[in-house]
Amino acid sequence: MNKIIDKRQLSDNVFGMTLEAPLIASARRAGQFIILMVDEEAGERIPLTIADADPDRGTISIIFQTVGATTIKLSHKEPGDFLPAVLGPLGRPTEIRGENGEKPGHVVCVGGGIGVAPMHPIAQALKAAGNRVTIIMGARNKSLFVMEDEMRKIAGDDLILMTDDGSSGRKGLVTEPLKELCEKGAVDEVIAIGPPIMMKFCALTTKPFGVKTTVSLNTIMIDGTGMCGGCRVSVGGETKFVCVDGPEFDGHLVDWDQMLKRMGAFKPQEASAREHTCNLFKGL
Amino acid sequence: MTAKEKMAIPPQAMPEQDPKVRARNMNEVALGYTAEMAKTEASRCLQCAAKPCMQGCPVAIDIPGFLAKASEGDFAGALAVIRETSLLPAVCGRVCPQEKQCQKFCTMGKLLKDVDKAVAIGRVERFVADLDRESPAGTGASAAGPRDIPRTGRKVAVIGSGPASITCAADCAKAGHDVTVFEAFHKCGGVLVYGIPEFRLPKAIVRHEIDGLKSLGVKFETNYVVGRTRKLRDLLEKDGFDAVFVGTGAGLPKFMGIEGENLVGVFSANEYLTRANLMKAYDEAGHDTPFWHGKRVAVLGGGNVAMDASRMALRLGAEKVYLIYRRSEAEMPARKEEVHHAKEEGVEFLMLQNAKRVLGDDQGRVNGLECLKYELGEPDASGRRSPVAIAGSEFTLDVDTVVVAVGNASNPLIPTTTEGLEINKRGNIVVDPETNMTSIPGVFAGGDIVLGAATVILAMGEGRRAAAGINKYLRG
Numbered sequence: 001m002n003k004i005i006d007k008r009q010l011s012d013n014v015f016g017m018t019l020e021a022p023l024i025a026s027a028r029r030a031g032q033f034i035i036l037m038v039d040e041e042a043g044e045r046i047p048l049t050i051a052d053a054d055p056d057r058g059t060i061s062i063i064f065q066t067v068g069a070t071t072i073k074l075s076h077k078e079p080g081d082f083l084p085a086v087l088g089p090l091g092r093p094t095e096i097r098g099e100n101g102e103k104p105g106h107v108v109c110v111g112g113g114i115g116v117a118p119m120h121p122i123a124q125a126l127k128a129a130g131n132r133v134t135i136i137m138g139a140r141n142k143s144l145f146v147m148e149d150e151m152r153k154i155a156g157d158d159l160i161l162m163t164d165d166g167s168s169g170r171k172g173l174v175t176e177p178l179k180e181l182c183e184k185g186a187v188d189e190v191i192a193i194g195p196p197i198m199m200k201f202c203a204l205t206t207k208p209f210g211v212k213t214t215v216s217l218n219t220i221m222i223d224g225t226g227m228c229g230g231c232r233v234s235v236g237g238e239t240k241f242v243c244v245d246g247p248e249f250d251g252h253l254v255d256w257d258q259m260l261k262r263m264g265a266f267k268p269q270e271a272s273a274r275e276h277t278c279n280l281f282k283g284l
Numbered sequence: 001m002t003a004k005e006k007m008a009i010p011p012q013a014m015p016e017q018d019p020k021v022r023a024r025n026m027n028e029v030a031l032g033y034t035a036e037m038a039k040t041e042a043s044r045c046l047q048c049a050a051k052p053c054m055q056g057c058p059v060a061i062d063i064p065g066f067l068a069k070a071s072e073g074d075f076a077g078a079l080a081v082i083r084e085t086s087l088l089p090a091v092c093g094r095v096c097p098q099e100k101q102c103q104k105f106c107t108m109g110k111l112l113k114d115v116d117k118a119v120a121i122g123r124v125e126r127f128v129a130d131l132d133r134e135s136p137a138g139t140g141a142s143a144a145g146p147r148d149i150p151r152t153g154r155k156v157a158v159i160g161s162g163p164a165s166i167t168c169a170a171d172c173a174k175a176g177h178d179v180t181v182f183e184a185f186h187k188c189g190g191v192l193v194y195g196i197p198e199f200r201l202p203k204a205i206v207r208h209e210i211d212g213l214k215s216l217g218v219k220f221e222t223n224y225v226v227g228r229t230r231k232l233r234d235l236l237e238k239d240g241f242d243a244v245f246v247g248t249g250a251g252l253p254k255f256m257g258i259e260g261e262n263l264v265g266v267f268s269a270n271e272y273l274t275r276a277n278l279m280k281a282y283d284e285a286g287h288d289t290p291f292w293h294g295k296r297v298a299v300l301g302g303g304n305v306a307m308d309a310s311r312m313a314l315r316l317g318a319e320k321v322y323l324i325y326r327r328s329e330a331e332m333p334a335r336k337e338e339v340h341h342a343k344e345e346g347v348e349f350l351m352l353q354n355a356k357r358v359l360g361d362d363q364g365r366v367n368g369l370e371c372l373k374y375e376l377g378e379p380d381a382s383g384r385r386s387p388v389a390i391a392g393s394e395f396t397l398d399v400d401t402v403v404v405a406v407g408n409a410s411n412p413l414i415p416t417t418t419e420g421l422e423i424n425k426r427g428n429i430v431v432d433p434e435t436n437m438t439s440i441p442g443v444f445a446g447g448d449i450v451l452g453a454a455t456v457i458l459a460m461g462e463g464r465r466a467a468a469g470i471n472k473y474l475r476g
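As given, the protein sequences belong to chains A and F, one line each in that order.
Just so we're aligned, residue 1 is where the first sequence starts under the numbering used here, counting upward by one.
Just so we're aligned, residue 1 is where the second sequence starts under the numbering used here, counting upward by one.
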C-alpha cells in the first residue's frame, strides 16, 4: 500500500502525483520506472516512469496523462488515498555520459509531451556529471508543457521550446532544432523520450550524423520483471524485453514500425475500457 | 481383504464436468471424489511392505500409511500422515504427474498391467485435503500453530512465493525462525496463481494455503522485487536477515526464434495465461486488463503449459485450437490427464509438426502459421527420438493467434544484481546438492531457478531440502 501525498493537475489531462515509496525512492536511478495498480482485484498493471524522488522524505513523483482506464481512475484518486500496488524501481538505469567512462560532452535531451517528466532526472544526472545539456521540449501547445521551470534550471539558455501552434517558443517539430544542432556538429549524444513517433523521427534525424541516440520505450507490459515477454521489441534484429533489457535502447536499431503496431494490439479493448471508465466517473 | 479381492475392486473414476460444457467455463474440470469413492479407492492399496510408491514421491509421503487411514474413513488421520512431509496436498493432488511418480511404481498398477489402474493416490490425497479445507473447523489435521513453536530469533528472507518458496517458508517458520516472503506480483502463489488456470487449480485453494502460512507467522511483502527494490545482499547486510532463500522460478519465456514471432497476436504462454489467470482478463466486464480475442489459435509446445494455454483459448471463445508439437504424443512431457482433457474438450493435436514462420497482414497482425512436418530419427541426448524436418513438407494453418509454450529460461534478475552468485551456463543458480546453499554463505536456492523448468512437487522437494539446509546453517 502506497499513500498518495499530493496531486497536481498540470494541464487538461496531465497530472502529477507524489507517492510514499521509501524503498523505491532510495533505490531508484535516472531512467527507471514503476508499475502501479489502482485497484488490486480488478485493475491492470501499468508502467510509469519515475519523474523525481526524494529519498529523505521517502517519496517518488510521477507524471501521467489520462489516456486509458487506469490513468483516468488514478487521476480521480486524492491525497491521503492509497494505491494497492507500486512496484519498482524497474529497468536498467540510464547510462550517464561522464559516469560511464566516456568523457563528458554536449548532450541534447529531447522531451515530447509528458516525456519531459522522465527526462528530468536524466538531464539532472547528465548535468551533474559535467555535460553541457541542451533540452528541447515539444508539445502541441503551450498549455501542455510540463516541468518547464525545472528544465530551465538545468539547461539555462540551452532550453528550446517547440509547439505545433507556435503558442510558446518556436512553431514546429522538435526534430528541426535537433537537426540544426547536429548540423553544427557539436552534439556528442542525444536522448529522446516522448511519443513513439517522435522518438522514431528523432532517431531518423540523427542517424545521418552518426550521433548516438538513446530512446526510452514504454511498451505494453504486465509483470515488469521479464516474465511475460509482452513488452518485447526488435532491436538490431534481436528480440529484447523492454522491462529488463531496457527501457533505453539505441534508437537507430529499434524496429519502430513493429513496435508501433505492437503497442496498438489492444486498441479496441482499451478504447471501450476508457469509455466505460469515463461514463463511470460522469455518473458520480 | 486378500490381494485378489482388492484387485477385483474397480478403480474409482473421477467425476468431471461434461467436456462440451466445461470447455466454455472456468470452473474446475475434475469435481473430486465423494467420501465413499475415496474410501473405496484407498482400500485398493495392497499395503506393500516395501512401499514402492514412496520412491516415486519427491517429498516421500508415507502413501500406504495415509491410504490405510483413508480406507477406514479416518480422513483427518490420512491428512495428518500426508502433512508430515508435504505442505500442499490440495495442490499436489491436482497438479502432480502421478503417472510418472508414485503411481508409476504402484504394485496394483503392475498387477493389472496398466499404470492407469494403479491406486489413484493423487485423487485420494486431493479428497482428504479438500475435506479439511471445506469443513468450517477443519478435520483436525491442521498444522501446529505459531504459539507452539519456540522462537529462534533468526530472520529468514524467502524470495518469490511459488511452490519452492512457500514450502521453504513453512519449514523455516516451523523451525521457529522469523520468515518474510518477498513477492514481485501483487498476489502470492507464483506459478500457482499466474500460470496454472482456475479450471485446473482453483485460486481459493492457493489463498487458503497462503493463509495457512500466515497463521504460522510468515509475513508476506508483495510488490517487492529483490534485485531492484532492494539487492539480495542488502537483505543480509542491512536488513538483518540471517539467511535468504531464492525461489524466483524460471520466469523468462523462451521463443522459437522464427520469423514473424513479434507480430501482434503472438504471445508467450506466460503472458497469455497471466492475463487470463492473475489479471482475470476473461471477465471483461469487471477487469481492466485487456484480452486478445483469438478465434483460431495455434499453441506451440507439448508440456502442461501448452495444455493449459490451449484449453484456456477454448474457454476464451476460440472456435479452433491447434496444439502443435514436433515429436509424437508418446514423447509429450505433459501430464497424461491434461492431454486427455484437452482432447476431450476439442483441442486438435498436430503431432510431428512444427512452426516455421508466423505470417502477418499489413497491420502486423497474425493471419497464418507456416508449419513443417517432421519424422522421428535417432535418439538424442535426452534419450528421446529426435524430430527431423521433412524437406518440402510446408503447409499453412489459418490462425489469428499463436501462443508459444516451449518453456522458460531462468530469470536473470537476481543473478545479475547479486555479485558472487555462481550460475551455470544455462543461467541456473548452482547449489550444493545436499543443502541447496549457493556460492554465497547463507544464501540458498531451489525450484526452477536451480532445476530449470520442472514441476510443482519437485520444486517443493527443493524448498524442503533448502529449509533443512537453512536450519542446519542457522544452528551451526
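FYI, nobody ran anything at the bench for these hints, they're computed from the structure.
We put the CB at the ideal spot given by N, CA and C, even for glycine.
Careful: at least some of the hints might be erroneous.
As the list claims (entries may be wrong) - DSBU-like, lysine-lysine: derived pairs with alpha carbons at most 30 Å apart:
1. Lys254/F / Lys267/A
2. Lys261/A / Lys356/F
3. Lys207/A / Lys282/A
4. Lys472/F / Lys3/A
5. Lys254/F / Lys3/A
6. Lys280/F / Lys261/A
7. Lys240/A / Lys356/F
8. Lys155/F / Lys4/F
9. Lys240/A / Lys231/F
10. Lys267/A / Lys219/F
11. Lys240/A / Lys425/F
12. Lys155/F / Lys3/A
13. Lys3/A / Lys280/F
14. Lys240/A / Lys4/F
15. Lys280/F / Lys77/A
16. Lys254/F / Lys261/A
17. Lys238/F / Lys219/F
18. Lys295/F / Lys320/F
19. Lys77/A / Lys51/F
20. Lys254/F / Lys240/A
21. Lys238/F / Lys3/A
22. Lys280/F / Lys282/A
23. Lys113/F / Lys174/F
24. Lys336/F / Lys73/A
25. Lys356/F / Lys267/A
26. Lys267/A / Lys295/F
27. Lys219/F / Lys3/A
28. Lys69/F / Lys174/F
29. Lys295/F / Lys238/F
Said to hold, decoys possible - Only part of the chain F face toward chain A is listed, based on derived beta-carbon distances under 8 Å:
30. Leu46
31. Asp114
32. Lys117
33. Asn223
34. Val225
35. Arg230
36. Ser268
37. Asn270
38. Glu271
39. Gly286
40. Gln363
(request) Could you check the structure against the hints above and give me the numbers of any it violates, in ascending order? (result) 3, 4, 5, 8, 10, 14, 19, 23, 24, 29, 30, 31 and 32
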